[in-house]
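A.B. asks: The chain contents come next:
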Amino acid sequence: MAGSIRESERAESAAGLARAVTSPIRPRRWRVLRRASRARLAPFGAAVMVLAVLVALAAPVVAPYDPLAQDLGNTLSRPGLAHLLGTDNVGRDVLSRVIWGTRISLLAGLVSVALAMLAGSLLGLLAGYCGGRTDGLVMRVMDAVLSFPPLVLALALGAVLGAGLAGVLLALGVVYTPTFARLMRGQVLSIAARDYVDAARALGAPGWRIAARHVVPNAINPIIVQASLSVAFAILAEASLSFLGLGIQPPQASWGSMINAGRGYLQQAPWIVFGPGAALFVTVVGLNFVGDAVRDALDPRTRE
Amino acid sequence: MGRLVLRRLSATVPVLLLVTAGVFLLLHLTPGDPIDVMMAESVDATVKETLRRELGLDRPIYVQYAAWMGRLLRGDLGRSIRNGEPVIENVSRRLRPSLELAFFAMAISLLVAFPVGIVSAIRRNTAIDRAGATFALFGICMPNFLLALLLIFFFGVTLRWLPISGYTDPFEEPWNGVRSLALPAITLGLALAAVITRTLRSSLLEALGEDYVRTARAKGLSEWRVIWGHVLKNALIPVVTVLGLQLGTLIGGAVITEYVFALPGVGRLVVDAVFARDYPLVQGVVLLIAVGFIVSNLLVDVLYGWIDPRIRAR
Numbered sequence: 001m002a003g004s005i006r007e008s009e010r011a012e013s014a015a016g017l018a019r020a021v022t023s024p025i026r027p028r029r030w031r032v033l034r035r036a037s038r039a040r041l042a043p044f045g046a047a048v049m050v051l052a053v054l055v056a057l058a059a060p061v062v063a064p065y066d067p068l069a070q071d072l073g074n075t076l077s078r079p080g081l082a083h084l085l086g087t088d089n090v091g092r093d094v095l096s097r098v099i100w101g102t103r104i105s106l107l108a109g110l111v112s113v114a115l116a117m118l119a120g121s122l123l124g125l126l127a128g129y130c131g132g133r134t135d136g137l138v139m140r141v142m143d144a145v146l147s148f149p150p151l152v153l154a155l156a157l158g159a160v161l162g163a164g165l166a167g168v169l170l171a172l173g174v175v176y177t178p179t180f181a182r183l184m185r186g187q188v189l190s191i192a193a194r195d196y197v198d199a200a201r202a203l204g205a206p207g208w209r210i211a212a213r214h215v216v217p218n219a220i221n222p223i224i225v226q227a228s229l230s231v232a233f234a235i236l237a238e239a240s241l242s243f244l245g246l247g248i249q250p251p252q253a254s255w256g257s258m259i260n261a262g263r264g265y266l267q268q269a270p271w272i273v274f275g276p277g278a279a280l281f282v283t284v285v286g287l288n289f290v291g292d293a294v295r296d297a298l299d300p301r302t303r304e
Numbered sequence: 305m306g307r308l309v310l311r312r313l314s315a316t317v318p319v320l321l322l323v324t325a326g327v328f329l330l331l332h333l334t335p336g337d338p339i340d341v342m343m344a345e346s347v348d349a350t351v352k353e354t355l356r357r358e359l360g361l362d363r364p365i366y367v368q369y370a371a372w373m374g375r376l377l378r379g380d381l382g383r384s385i386r387n388g389e390p391v392i393e394n395v396s397r398r399l400r401p402s403l404e405l406a407f408f409a410m411a412i413s414l415l416v417a418f419p420v421g422i423v424s425a426i427r428r429n430t431a432i433d434r435a436g437a438t439f440a441l442f443g444i445c446m447p448n449f450l451l452a453l454l455l456i457f458f459f460g461v462t463l464r465w466l467p468i469s470g471y472t473d474p475f476e477e478p479w480n481g482v483r484s485l486a487l488p489a490i491t492l493g494l495a496l497a498a499v500i501t502r503t504l505r506s507s508l509l510e511a512l513g514e515d516y517v518r519t520a521r522a523k524g525l526s527e528w529r530v531i532w533g534h535v536l537k538n539a540l541i542p543v544v545t546v547l548g549l550q551l552g553t554l555i556g557g558a559v560i561t562e563y564v565f566a567l568p569g570v571g572r573l574v575v576d577a578v579f580a581r582d583y584p585l586v587q588g589v590v591l592l593i594a595v596g597f598i599v600s601n602l603l604v605d606v607l608y609g610w611i612d613p614r615i616r617a618r
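If you read the protein sequences in the order shown, they are chains A and B. With the numbering used here, letter number 144 in the first sequence gets 144, and the count goes up by one each step, no holes. Just remember that the numbering used here sits 304 ahead of the position in the second sequence, which is counted from 1.
So that you can see chain A by itself, here it is in the shape it has in the complex:
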């Protein structure tokens, strides 16, 4: 669902992937068909991703104007040759601001998911490996985090951590952590019962070594799938928070805050909203295709 922070349907599918390792094989016809229909879209997704990364890295070079430079004699001007996506209410070039905003969006998506992946995997490993009280405590805390609607939690955390990119990154990291923790714990529990772990233990390998050499490498696939599916939604979440006024503060450009600033000019100058809006939509669609492709590639159910 759009504007969603934690894409639960996808969380489900990654959890399903974790389960599939032990579940009997189901009819494959539909999945193979679905996969085939998606395969055509993966290159588009990859192209969008590569383009977004290049634009983000080369922002100072490719942006035609200074994203902060105001030109009060040239406000709300239509898209044209001078300004491909028009100018905003203080005469800033919309295209240049969209280009610089790419940096913020990608950074937010990648960093918050990386934080959550790291924290969640460690907590899940701890819970699954130690069991008992540790397990109970860690997982109840994760349940408590999941008891808040994601956006509301991010808003509240962002509010107390202070507006700004760092606060939002941290808030989103916290919001995504439980998904990874649950996934990792489930994986650890199923892997720790395997014969090769028993064998390693019988050979006298210490606990940390078993965890690092045997458990984690075998548990990592669903985590990677979940991470790749989460990035698109983290980008959406950052845009939502910036739209509400948290996150990057003006005059710096982020897609969400640009869209919020432009909504008062929908009648005279809809391009202020449409430029960053299109960038956001295309990026999320592209990353979705990439996420689906990563899942199909790593999912044992669809491997032939």
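No lab work stands behind these hints: they were computed from the structure. These figures come from a predicted structure and were not determined experimentally. Possibly wrong hints are sitting among the right ones.
[As the list claims (entries may be wrong)] Computed beta-carbon distance windows for the label pairs: (1) A/212 to B/403: 49 to 57 angstroms; (2) B/320 to A/212: 33 to 41 angstroms; (3) A/206 to B/438: 52 to 60 angstroms; (4) B/352 to A/218: 55 to 63 angstroms; (5) B/482 to A/75: 31 to 39 angstroms; (6) A/212 to B/396: 50 to 58 angstroms; (7) A/213 to B/320: 37 to 45 angstroms.
[To be verified] If you want the footprint, here are the derived chain A segments under chain B, 3+ residues with CB under 8 angstroms: (8) 131-145; (9) 159-169; (10) 223-229; (11) 242-249; (12) 276-284.
[Stated by the list, open to error] Here are a few chain A residues that sit away from chain B, every Cβ distance over 10 angstroms (derived from the structure): (13) 57; (14) 62; (15) 65; (16) 103; (17) 115; (18) 126; (19) 189; (20) 191; (21) 198; (22) 212.
For each residue, glycine too, the CB sits at the ideal point set by N, CA and C.
With chain A's structure known, arrange chain B on it following the hints.
C.D. replies: Just chain B, lined up with the frame of chain A:
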């Protein structure tokens, strides 16, 4: 059934405790002095001291927590520092628009998702199916604030069919009330419809591959009877799961939707409280939303057991 409810309830207690602790600690996560964050520097020092004493911030943290929990158990969620009214009153005044929005959004999403999902599954891999899939992808990837602005642009600004902001109570003025909720409900409902469509389609396809479907067809039942009488009921369980999982997203979506359309609901209250740095109000509303969310999830679990007797037995 009673046992299922009881088991779910008892599992909720420790989580509720942790949630209250989390909401309590929220205020203490503020970098620096929360009083300085809540009030402008120019405010008189004695006023600040009064607020500090009122919020109990001058006492040790465990005393504060015990006092806070004690008040909570008596139903006292504290007062807003902006308007001085109890949190409960602030919320109850805002509840109606939010519930109406949720109801209309849910209705729209089900009305769209069921026909599209069923037709996509029956006519799989045809143009209709692909159109349905494109719609679902669009709904899932479209940020709802952007969808809201697109709807405002087309139906409000360009065509001038519907009001673009504000709220009229449908119980007082039915026609204007429904019109004022139309665009917000479509914004919120379309995204949900997309997720339900996807889930319904794939669970229908899975159910259509089962043996009992072949039996039903072999009996000579019409395709319509097969779907309506046999497949749909079995395909419904994943849909309920997804509805439950989407609840949180729905609440978050309502926050943004209410913000864009200036609906005076609970979501708008959260945003306003955050930006007014009215932390007691933020704490109270966030806690109430979380409790509401937990209770709704509980209801979904029970609904689950009602639909599928196998879950009850476990």
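A.B. asks: Does each hint hold? Answer for all of them.
C.D. replies: Against the structure, the hints:
no.	hint	result
1	A/212 to B/403: 49 to 57 angstroms	holds (51 angstroms)
2	B/320 to A/212: 33 to 41 angstroms	holds (37 angstroms)
3	A/206 to B/438: 52 to 60 angstroms	holds (53 angstroms)
4	B/352 to A/218: 55 to 63 angstroms	holds (56 angstroms)
5	B/482 to A/75: 31 to 39 angstroms	holds (38 angstroms)
6	A/212 to B/396: 50 to 58 angstroms	holds (53 angstroms)
7	A/213 to B/320: 37 to 45 angstroms	holds (40 angstroms)
8	131-145	holds (count 5)
9	159-169	holds (count 4)
10	223-229	violated (count 0)
11	242-249	holds (count 4)
12	276-284	holds (count 4)
13	57	holds (24 angstroms)
14	62	holds (24 angstroms)
15	65	holds (24 angstroms)
16	103	holds (18 angstroms)
17	115	holds (16 angstroms)
18	126	holds (17 angstroms)
19	189	holds (19 angstroms)
20	191	holds (25 angstroms)
21	198	holds (29 angstroms)
22	212	holds (30 angstroms)
Checked against the numbered hints above, the structure violates only hint 10.
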